[in-house]
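A.B. asks: In terms of our numbering, the sequence shown is residues 1 to 85.
Be aware that one or more of the hints could be misleading.
Unchecked claim - When the alpha-carbon atoms are kept at most 25 Å apart in a straight line, the in silico SDA-like pairs for lysine to any residue are as follows:
{"#": "1", "residue 1": "Lys-45", "residue 2": "Ile-61"}
{"#": "2", "residue 1": "Lys-60", "residue 2": "Phe-72"}
{"#": "3", "residue 1": "Lys-45", "residue 2": "Asp-35"}
{"#": "4", "residue 1": "Lys-19", "residue 2": "Lys-60"}
{"#": "5", "residue 1": "Lys-19", "residue 2": "Ala-75"}
{"#": "6", "residue 1": "Lys-19", "residue 2": "Phe-72"}
{"#": "7", "residue 1": "Lys-60", "residue 2": "Leu-28"}
{"#": "8", "residue 1": "Lys-19", "residue 2": "Arg-74"}
{"#": "9", "residue 1": "Lys-19", "residue 2": "Thr-32"}
Said to hold, decoys possible - Here are the computed distance ranges between Cβ atoms for each label pair:
{"#": "10", "residue 1": "Ser-14", "residue 2": "Arg-63", "range": "35 to 41 Å"}
{"#": "11", "residue 1": "Val-22", "residue 2": "Lys-60", "range": "29 to 35 Å"}
{"#": "12", "residue 1": "Ser-18", "residue 2": "Lys-60", "range": "32 to 38 Å"}
{"#": "13", "residue 1": "Glu-16", "residue 2": "Leu-59", "range": "31 to 37 Å"}
{"#": "14", "residue 1": "Ser-36", "residue 2": "Thr-79", "range": "16 to 22 Å"}
{"#": "15", "residue 1": "Val-64", "residue 2": "Glu-16", "range": "32 to 38 Å"}
{"#": "16", "residue 1": "Val-22", "residue 2": "Asp-53", "range": "30 to 36 Å"}
{"#": "17", "residue 1": "Ser-62", "residue 2": "Ser-14", "range": "35 to 41 Å"}
{"#": "18", "residue 1": "Glu-16", "residue 2": "Asp-53", "range": "33 to 39 Å"}
{"#": "19", "residue 1": "Val-22", "residue 2": "Ser-62", "range": "32 to 38 Å"}
{"#": "20", "residue 1": "Gly-48", "residue 2": "Arg-68", "range": "27 to 33 Å"}
Just so you know, the hints here were simulated from the structure itself, not pulled from any lab data. The C-beta atom is built at its ideal place from N, Cα and C for all residues, glycine as well.
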Amino acid sequence: GALKVELDEVALVSPEQSKEIVDLHEALERLTTLDSRKAQVVELKYFGGLNYDEMADVLKISRVTVRRDWEFARAWLHTGRMTKE
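Full structure from sequences and hints, please.
C.D. replies: What follows is the structure, given as structure tokens:
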């Protein structure tokens, strides 16, 4: 027999993970005000698991532009999350 565990008995997200999620959300909001397309690229890659070609198709932009946006956004998020601009 398998052990049944109720969801409310399990911590699905640790406090550290919860803070990281909140920080990422806040950083994405700041990035959206700076450049909403770059924020969309992050969401499609990070949450949607899309590759460059799939993101280019969804956003109707070139693969090169997607890659450039991703590289910028990734660096910006790392810096922005550290400094909380």
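A.B. asks: Does each hint fit the structure? Answer for all of them.
C.D. replies: Hint check results:
1. Distance check on the hinted pair: Lys-45 and Ile-61 sit about 15 Å apart at the alpha-carbon level, within 25 Å; holds.
2. Between Lys-60 and Phe-72, the direct Cα distance comes to roughly 19 Å. Compliance with the 25 Å bound is thereby established for this hinted pair.
3. Taking the CA atoms of Lys-45 and Asp-35, the gap is near 16 Å; set against the 25 Å cutoff, the hint holds.
4. Straight-line distance between C-alpha atoms of Lys-19 and Lys-60 comes to about 33 Å, which puts the hinted pair past the 25 Å bound.
5. For the suggested pair Lys-19 and Ala-75, the alpha carbons sit about 20 Å apart, so the restraint of at most 25 Å is met.
6. Using a Cα cut-off of 25 Å, the hinted pair Lys-19 and Phe-72 holds, with the two alpha carbons roughly 23 Å apart.
7. Our distance criterion of 25 Å between C-alpha atoms is met by Lys-60 and Leu-28, whose separation comes to about 21 Å.
8. Between Lys-19 and Arg-74, the direct Cα distance comes to roughly 18 Å. Compliance with the 25 Å bound is thereby established for this hinted pair.
9. A C-alpha spacing of about 20 Å is found between Lys-19 and Thr-32, which places the hinted pair at or below 25 Å, so the restraint holds.
10. With their beta carbons about 36 Å apart, Ser-14 and Arg-63 fall inside the hinted range of 35 to 41 Å.
11. Taken as a hint, the range 29 to 35 Å holds for the pair Val-22 and Lys-60, whose Cβ atoms sit roughly 31 Å apart.
12. Checking the proposed 32 to 38 Å range against Ser-18 and Lys-60 shows it holds: the Cβ atoms sit about 35 Å from each other.
13. Our hint of 31 to 37 Å for Glu-16 and Leu-59 holds, since their Cβ atoms are close to 32 Å apart.
14. In this structure the supplied range 16 to 22 Å holds for Ser-36 paired with Thr-79, their Cβ-Cβ distance being about 19 Å.
15. Roughly 36 Å separates the CB atoms of Val-64 and Glu-16, a value that falls within the hinted 32 to 38 Å.
16. Look at Val-22 against Asp-53: about 31 Å separates their beta carbons, and that is inside 30 to 36 Å.
17. At about 39 Å, the beta-carbon gap between Ser-62 and Ser-14 stays in the expected band of 35 to 41 Å.
18. About 34 Å separates the C-beta atoms of Glu-16 and Asp-53, a value consistent with the hinted range of 33 to 39 Å.
19. Roughly 33 Å separates the CB atoms of Val-22 and Ser-62, a value that falls within the hinted 32 to 38 Å.
20. Taking the beta carbon of each, Gly-48 and Arg-68 are about 19 Å apart, not inside 27 to 33 Å as hinted.
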